[in-house]
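Asks: Here is what each chain is made of, one letter per residue.
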Amino acid sequence: MGQGTSAYDQSELAEFQDLTYFTKREVLHVHKRFAELAPEKVKQHGRNPTLTKEEILLLPELAANPFKERILEVFSDAGDGNMNFEQFLDMMSQLSSKAPLETKIDFAFKIYDFNEDGQICENDLQKVILFLVQPAVTGATLTSDERNQVIKNSLITDDQIKKLAQKVINEMDMDDDGSISYLDFKHGMSKLNGFEESFKVTL
Amino acid sequence: MDFVKGLFDSDKESDSGSAKKNRQKMNKNFDKADKYNSKKKAKKDEDVTGVPRRPNRSNKVGPGADVPDQSVAMNNLDSSEDMPEIPMRPKSRAVILPSGLIIGSEDDSSVHTSTLSSHSSDSFNPRNGLPGLARIEVEDVDNGLVEDDKKSSTVKRQVRTLDGAGRRKSSAHFGRSVSAPAGEKLSLAERRTLRRAERVGVVEKKQLPFFTRIAYEFTMGIQKTTRKIQEGFRNAQIWGPSIKELEGNLGSGVSTYFRVLRWLLKINVISMVMALGLIATPGIWMNEHHDLPDTSLNKDDLNCTNPNFVEGNDTAADVANYILQFLTGQGWMEGTALYLGWYPASNITRTSGDTEKTTYNFPLAYLLVGLAYFLVALMFILNNIARLFKKSAAEKIETKTYSELILTGWDYTIQNKKTAQLRSTTVIKSLKEALSNDAQKFVKISFKKEIGIIVLRVCTNCVAVAAMIGTVFLYYREVVRGTSEDAANSTNACGEKLETADFSNLTDIEINEISAELITRELARFWSSYSASIIVSLSNILFPIFFEFLGQYEFYRFQSTRIAITMVRSFVMKLFSVCVFLYVLYQATKPSGGIMETWQRDNNTLLYNCWENYIGAQLYQLCIIDFIVFCTSLFFSEVLRNILINNIKWFRSKVEQPEFNIPKEILDLCYKQMIFWSAIFFSPLMCCVAVIEVIVIFYLRKASALRNVRPPQKVVLTSQSSSMVNAVFLVSLIFVFVFVGLVIFQFKPSAHCGPFRGKTKIHEPLGLLIENSGGFKTYIYDNLKMTAVIVSIVIIVLLIIYYFKSLAASRNLTIKLLRHQIKVEHVDKQFLIEHIKSQITGKPVQEGKKDGTVSRMSHSQLSGELANKTKKNMTIHRYANPSLKI
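Chains C and A are the protein sequences, given in the same order. Using numbering that gives the first Met the number 0, read the first sequence as starting at 0 and increasing by one per residue. Using numbering that gives the first Met the number 0, read the second sequence as starting at 0 and increasing by one per residue.
Hint data in this document are derived by calculation from the structure and do not stem from the laboratory. Since the model is a prediction, treat every value here as computed from it, not as a measurement. You may find that some hints are simply not true.
To be verified - Computed footprint of chain A on chain C; a stretch qualifies when at least three of its residues, placed anywhere within it, have a C-beta under 8 Å from a C-beta of chain A: (1) 52-62; (2) 172-182.
Unchecked claim - Listed next, the in silico BS3-like pairs over lysine-lysine satisfying Cα-Cα at most 27 Å (straight line): (3) A/K804 - A/K815; (4) A/K431 - C/K126; (5) A/K243 - C/K52; (6) A/K428 - C/K161.
To be verified - In silico contact screen, one side only, chain A against chain C (beta carbon under 8 Å); selected entries: (7) S186; (8) L187; (9) S251; (10) S402; (11) I405; (12) T407; (13) G408; (14) T412; (15) Q414; (16) V426; (17) R818; (18) K822.
The beta-carbon is built from N, C-alpha and C at its ideal position, and this holds for glycine as well.
Use the sequences and the hints to build the structure in full.
Replies: Printed below as a string of structure tokens:
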């Protein structure tokens, strides 16, 4: 590996095709997009350089997503959001529309499990709601945290957030242990309609 | 709006669906091979016990575990090797309770012991339906350690199945950085290493017996080709980038509309190929080469409208004429291949010796293709419905409003910052609304108020119905008037035909006067022949707005109810207007007692020579007018509005940016498709018009949506709305089909035009074909024609539907009970753990400690005690609950 930025040869592509949900053509397309993020690095380190979180976040497909950093953290090896092309490809493959529902549910579970204890608890859910609110807050032209807080409060109160988190747990928790385990989550999500459609990123 | 998400994304869905199937198939295949190999190797391994022949491959490779390739297969082959040791993957989740009970392990420890017997990987706890809940039964714990290597091998396999529970079937992906509940996930690099190693192991394939190998290669070959074909289709998917762009800017809800458009394009293109290939091309060829004298067409016979379009020497009038005729689909258009009347009635024949052989029975082909359009459309719709059913599997989807809003609330497809902001606000709004709705559920409305609301709703419904009926009546009158006016014109106009005037003797002024007169007459005529279509199209634009307005004053507690009611009303209106249109056509042309027939009897001449063309022309008009109305309303309601908002301050403060109303737009598409479906039998080239129109609509809408429209403001959680859209299309298709069927089975074809001329009924060619084949088929056909049979078939179908509905209801009850059981069993487990703990520590069981609050003691300690205390057989359900893991 690492002989310049030239495209992968056929056998390597075939391998990627087997290992991901992408076709050869799509693998090349993903590589092209990846290389465009940091052309300098690709020139220096060959075709599988490690890009930093910030560089990957330049992707317009991720830019508007409030969970973008979380996605990268979950998917990078070290958990810091930096990834090389293969990790990137793997991530994109699992976010693509061709990935099976269960892969996506798995992915989503990891994203929403903020404290990484294998359970989505009330705190995690409150965080999810806060993340959902984020674009509405930061999307405004205001930048200072205080103002953001004010806007947030006008949008939704902490009390409401707490209530909402409890409601979700009530709905999803099958075994009544007060938090959403992986199985609860998997079972619940496979029954929700919009998930498969909205949980995808196409490059 | 999250309305009808993912419904029509057939390509994508079928993709992943079939891929999954393939994988399952593959796994099945290799399970067989697996068994075979394991038998064989079991013998070998007895000699070499203790030495692992190959580094253990934990049983999965591929993107997660989901491998679209042989690797899983080869992997399964290997993993069945009998090894005395079971190296678990680091941090793997198998818990080992000393002295035998294995639930999960934290380290690389190997399992030597136990008399575990677990159900195979496929037997997920069938009682609660949760995949991945492997059951472990501790048989006789007292047996303790097992020295027997053979036994250890069975244990190993069980552990494997245990660990791989849910993986082989459901092929879940497991977390890495996160302590995922069910196992570990390999990175791409790791998977590749494994895959390469597997590739080396491919040699093993040769050990398979000849036929197994052949079968293997055969299935692999088939899978590879199907994959290639699928890929080809995927690459050929049109409008992919456009839809992605729309999705990024307006969210996935709006892209549904465009997916529906793409879906309609597919249907119409298939119809077009059939119409062009099987009807138009042979028809044109026959009209040029095979004009038999007795069946040849007289151009005058084609005219359905007895046109008194003027054919002056004046160019202005000519052009006006030409354009008007093009728009109304009458006049010169009637003599073209657009309409049924133009097509020949003869067959393509080949003379060999003395006998003539029919090679292409044109009337029969026409009839069959006419029915095939409907079949194609029906298959497309049923395909969608079937996929939806597979998803919900007859289980009533419970509404999980909050989970849906919070956990699936973010649309990952959004790329546009502004849209993201809007989406976020929308989600918050919906969440608050849901909270207040919940609060309102418990608010009691006073009796008086309730009565008031009911009265109000009755009133509004009356208004809605009255408005509909009024429009329909107006429209009916217009059509009848139009027809009788035609009739009147046909007698009068001929007497004073203007074209006979000698233009050469007139002065310029006089000519101008005459042409002005002609043009006004043309306009009047234009109105008279168009009034019906214009009324229908306008009512289609105005009524949904009216219904929306009405819905605001009905005090519906939930917004979703309001939207659903508005949608149902609009749909009924659209269905109504098309049905009335078709009904009037039917009335006008029906063989006995119809308007035309009466006219014919009274005046002893034909009003329309070719009623088939009349129907075709009317529908063509409707389609053209509808398209014009669509473009105008798009221009005014979106383009102009947006321009005004952007440029005029006053306007901005008064009017909001237009919003993309998905249900309304989809209904509109349904209405357009309904017109195409009803027209297609009477004018085969209408499907070309349909294809062109769909393409034009796509680009117009796309351009306007990207510039002028803001994303929908409401997140509407209508889980069943996707099936609703299918139902809408299905109902429209059935209505149209009934109309076409009536025409085919009841009407007498015109004497001088169309492929069915000279026959008593349109369906005769089909009847002849069946009668000629004789016997049983004739019997069936004769009986099918009877109404009683059709009615009884409908009743039987209804009964079957009812049966399945009640079946689904009973299953829902079972599901409810099982859910309850899961909870109860969980409580049992907690109680058991509490109890054991109290035994160990000597403390009494604390009452009142409920689920989830059980203090988590050292599990190794616990499990050791568990093994000691529990002497009898017992069953533990393994939940992927980390609190139970070591």
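Asks: None of the hints should be skipped; say for each whether it holds.
Replies: Tested hints:
1. 52-62: The restraint on the region 52-62 of chain C holds, since 3 of its residues have a Cβ under 8 Å from chain A and three suffice.
2. 172-182: holds (count 9)
3. A/K804 - A/K815: holds, 17 Å
4. A/K431 - C/K126: The given pair, whose Cα atoms are some 17 Å apart, holds under the 27 Å limit.
5. A/K243 - C/K52: holds, 24 Å
6. A/K428 - C/K161: With Cα atoms ~16 Å apart, A/K428 and C/K161 stay inside 27 Å; holds.
7. S186: holds, 7 Å
8. L187: holds, 4 Å
9. S251: holds, 5 Å
10. S402: holds, 5 Å
11. I405: holds, 5 Å
12. T407: Constraint on A/T407 satisfied, holds at 4 Å.
13. G408: holds, 6 Å
14. T412: Given a least distance of 6 Å, the restraint on A/T412 holds.
15. Q414: holds, 5 Å
16. V426: holds, 5 Å
17. R818: Because about 7 Å separates A/R818 from the closest Cβ in chain C, which is inside the 8 Å limit, the hint holds.
18. K822: Holds: closest Cβ of chain C sits about 5 Å from A/K822, inside 8 Å.
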